[in-house]
Amino acid sequence: MALTKEQIAQRIARELRDGYYVNLGIGIPTLVANYIPQGINVVLQSENGLLGMGPFPFEGEENPDLINAGKQTITTVPGSAFFDSALSFGMIRAGKVDLTVLGAMEVSEEGDIANWKIPGKMVKGMGGAMDLVASAKNIIVAMMHTNPKGESKLLPKCALPLTGVKCVKKIVSDIAVLDVTPNGFKLLERAPGVTVEEIKIKTAGKLIVEGDIPEMTF
Amino acid sequence: MALTKEQIAQRIARELRDGYYVNLGIGIPTLVANYIPQGINVVLQSENGLLGMGPFPFEGEENPDLINAGKQTITTVPGSAFFDSALSFGMIRAGKVDLTVLGAMEVSEEGDIANWKIPGKMVKGMGGAMDLVASAKNIIVAMMHTNPKGESKLLPKCALPLTGVKCVKKIVSDIAVLDVTPNGFKLLERAPGVTVEEIKIKTAGKLIVEGDIPEMTF
Amino acid sequence: MNKVIASADEAVKDINDGAVLMLGGFGLCGIPENCIAALVRKKVKNLTCISNNAGVDDFGIGLMLKQRQVKKMISSYVGENAEFERQLLSGELEVELIPQGTLATRCMAAGYGMPAIFTPAGVGTEVAEGKEVRNFNGKDYLLEYAFNADFAIVKAWKGDTDGNLIYKETARNFNPMMAMGGRITIAEVEELVPAGELDPDHIHTPGIYVHRIFQGNNYEKRIEQRTVRKKI
Amino acid sequence: MNKVIASADEAVKDINDGAVLMLGGFGLCGIPENCIAALVRKKVKNLTCISNNAGVDDFGIGLMLKQRQVKKMISSYVGENAEFERQLLSGELEVELIPQGTLATRCMAAGYGMPAIFTPAGVGTEVAEGKEVRNFNGKDYLLEYAFNADFAIVKAWKGDTDGNLIYKETARNFNPMMAMGGRITIAEVEELVPAGELDPDHIHTPGIYVHRIFQGNNYEKRIEQRTVRKKI
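Residue numbers (our numbering), protein chains in the order written: chain D, 1 to 218; chain X, 219 to 436; chain U, 437 to 668; chain C, 669 to 900.
The following block holds chain D by itself, in its conformation from the complex (with noise of 0.2 angstroms):
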């Protein structure tokens, strides 16, 4: 059976080490701060301009100076630090997020991804995305595996227009974990009850599949 958004946030929750700080696009992303394993201490970067993000404010709590990149109203947590949108971008083109989970349209096997733009279609913009990808040391891309037509969204070459060219280290999608590798798609763990032979199927990019491909579970 494939993952819920849930489980795919409870998966990539799995990757946090103590100690991390970590940058959650919206979507599925923003739902792994829900999901931080025991023991594990991580801080939330929003690149608007905090690190130390908590959640979401109690009814009635309000902050309209408070808010996340996602726009949305948020608290912060002790140690937490305000800073401008350069610094922010400065942290993370230096290299000090530790990890950054975002959503996408497409990764190819050489770790592109497009989750900006479809021609055709109003374009909103990039937001803070070109930057996080160009500059993160660790990409963990969280999305459905197969498009809402069926078809693959790991491919060989991305279609759509980029958002930045080889640089998601792995995919979390509904029905598999894979690692981007130079040689292409490493399938490491599948989703419970869905074979080999689906995600096959469903991907389009190269595939390396070897031994025995463990079962997630939850």
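You may find that some hints are simply not true.
DEER-style ranges, computed between Cβ atoms [to be verified]:
1) C:ASN670 x X:LYS384: 53 to 61 angstroms
2) U:PHE495 x D:GLU61: 19 to 27 angstroms
3) U:TYR655 x D:LYS166: 42 to 50 angstroms
4) C:ASN670 x D:ASP179: 25 to 33 angstroms
5) C:ARG851 x D:PRO156: 34 to 42 angstroms
6) U:GLU568 x C:ARG736: 40 to 48 angstroms
7) C:LYS889 x U:GLN503: 55 to 63 angstroms
8) U:LEU525 x C:GLN883: 56 to 64 angstroms
9) D:GLU61 x C:ASP725: 56 to 64 angstroms
10) X:GLU415 x C:LYS739: 50 to 58 angstroms
11) U:PHE495 x C:ASN886: 49 to 57 angstroms
12) C:GLN735 x U:GLU568: 44 to 52 angstroms
Derived from the structure by calculation, the hints contain no laboratory data. Using N, Cα and C, we set each Cβ at its ideal position, and we do this for glycine too.
Knowing the structure of chain D, use the given hints to seat chains X, U and C on it.
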């Protein structure tokens, strides 16, 4: 009679305009702060990271955390702001400082300045001088017209290693006030009792004398 | 220093048709509400606005878009605005989309007197088209130029009569870099205090960068995405 | 985050011979006194020190010079130090003098992930020798590279257990840029407080840049030029 150092500073102070942000170098330039005209408000910048430098502290009130670019203990005035040295030179480069006053060993008729290095002598470094002269909108040099050997310091070309090129706008020496123009040093004023002839003799670079040259009054 | 002016209308009085503006804020957070209202009243046209976002239909820069005062937007993200979309698709409005970090850094570069900066953002994408690519230590970077704005309009929490500014929480965002990046910088603040009342160690934007300052009023501070959790 | 360490000696324990260090401070103001003392005790050698100044004969980096621990100084001004002068003239010590603003900005560039910056400082002087000159808008600039330091050692006034730092007055100087510019950043502070005690709006260096932090002791805070005026 040649001006005293205090009079050079006093004359330079007349160049100040209300609202100016001013950077004063070490030596005679520092004295300019003592002669700010009535009704003129200027803010002193210290390039180690302060806007709003005040006078020296009263005895016993020295604060080791509060020094100027000459490493002297100082105070602040109301409205002051501290910042790091990168921002400090950022505002200098961005042309936000209205006037820079500094000393020089030599100035050329093209406005080149040499004030940091004498070949054969121990070189202590340029500090912030190269940044200041390369960026300041308006640079006034405060210096003796001749060196201790009696040789002119206003030259066709600098003999000493340069600090910056084509940057000096005005010179206030002990005997004259001169503008640096595309055609050479233009004599504006002479010290009380000093003749134009004496200034001509002591100026090795091209000197422009047009009409009557007024005598400074103090 | 005499930087204090009476009102938003006075602050923007010499912003004329065709001006290039930087406008602080991220989404609707930390935007110069009073100055935007004054620009709307002034009906100045053909503006180029450098701002991370373009407001919403009935607030922020959206109010200026509605009156067709904006010729060109330079932004990183412009969603949430139907009128914007209409003008863009009809060709009435020109839009230049640039990565958020590039936008922030190009503003900063202006304030730091750096004519250009290098950033890896956009390498290999359409953002890189026509731009100089340079490799440092095995990594490609784009050369991006400092912005050159006639006016920067920012919003701070507190300010003093010498123009020193302190921002609050994430309302800081683009405001400090823009405050540094304009040829003339206008700051509106929630609270204006006499010089000397702000702790000099707490100042985010030194007054040297600020030319006009006034205390704004009636701040709406609209929230774009009200997300909450229930009290347990 | 577990960034708190017990002592200066622990902070510098993996700084080995040949390391490249950034050391905060301007003159003797805001220098990491405790870490310098620990480096002197450790007798680590062949260091390259990026620091605006080189201390005085018996304090600051001067203490390391006395033990000949420094191979190369990268500074903007190195007066006030007789032993330094002796080593320089005898060829024992290598010195690279660079303009103060260039020094500050090259540190900042490292912390901002910018491989190089453009500055007009030094154009037309011997500082420009061998460097790329580029004209922007009619003005020449030098291309200067970001520094690459193994360790940055800084001193702050207050810090918290997450590594957030606040500096005091002009003791800030080079510390923030260096804190951002090191591969590993060590901060010594006069007062270490639990995370959450510092106002997040007042923090000068966000903790993400700081890897080790400890509360120093016995700060001498020597004054280099005691200038005073008489009480009237």
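Hints versus structure:
1. C:ASN670 x X:LYS384: 53 to 61 angstroms: holds (55 angstroms)
2. U:PHE495 x D:GLU61: 19 to 27 angstroms: Holds - the Cβ-Cβ distance for U:PHE495 and D:GLU61, about 22 angstroms, lies within 19 to 27 angstroms.
3. U:TYR655 x D:LYS166: 42 to 50 angstroms: The hint (42 to 50 angstroms, Cβ to Cβ) holds, given that U:TYR655 and D:LYS166 are roughly 45 angstroms apart.
4. C:ASN670 x D:ASP179: 25 to 33 angstroms: holds (29 angstroms)
5. C:ARG851 x D:PRO156: 34 to 42 angstroms: holds (37 angstroms)
6. U:GLU568 x C:ARG736: 40 to 48 angstroms: At roughly 45 angstroms between Cβ atoms, C:ARG736 and U:GLU568 fall inside 40 to 48 angstroms, so the hint holds.
7. C:LYS889 x U:GLN503: 55 to 63 angstroms: About 58 angstroms separates the Cβ atoms of C:LYS889 and U:GLN503, which means 55 to 63 angstroms holds.
8. U:LEU525 x C:GLN883: 56 to 64 angstroms: holds (60 angstroms)
9. D:GLU61 x C:ASP725: 56 to 64 angstroms: Since the Cβ atoms of D:GLU61 and C:ASP725 sit about 58 angstroms apart, the hinted range of 56 to 64 angstroms holds.
10. X:GLU415 x C:LYS739: 50 to 58 angstroms: holds (56 angstroms)
11. U:PHE495 x C:ASN886: 49 to 57 angstroms: holds (56 angstroms)
12. C:GLN735 x U:GLU568: 44 to 52 angstroms: Given range 44 to 52 angstroms: holds, Cβ gap about 47 angstroms.
Violated hints: none; the structure is consistent with every hint.
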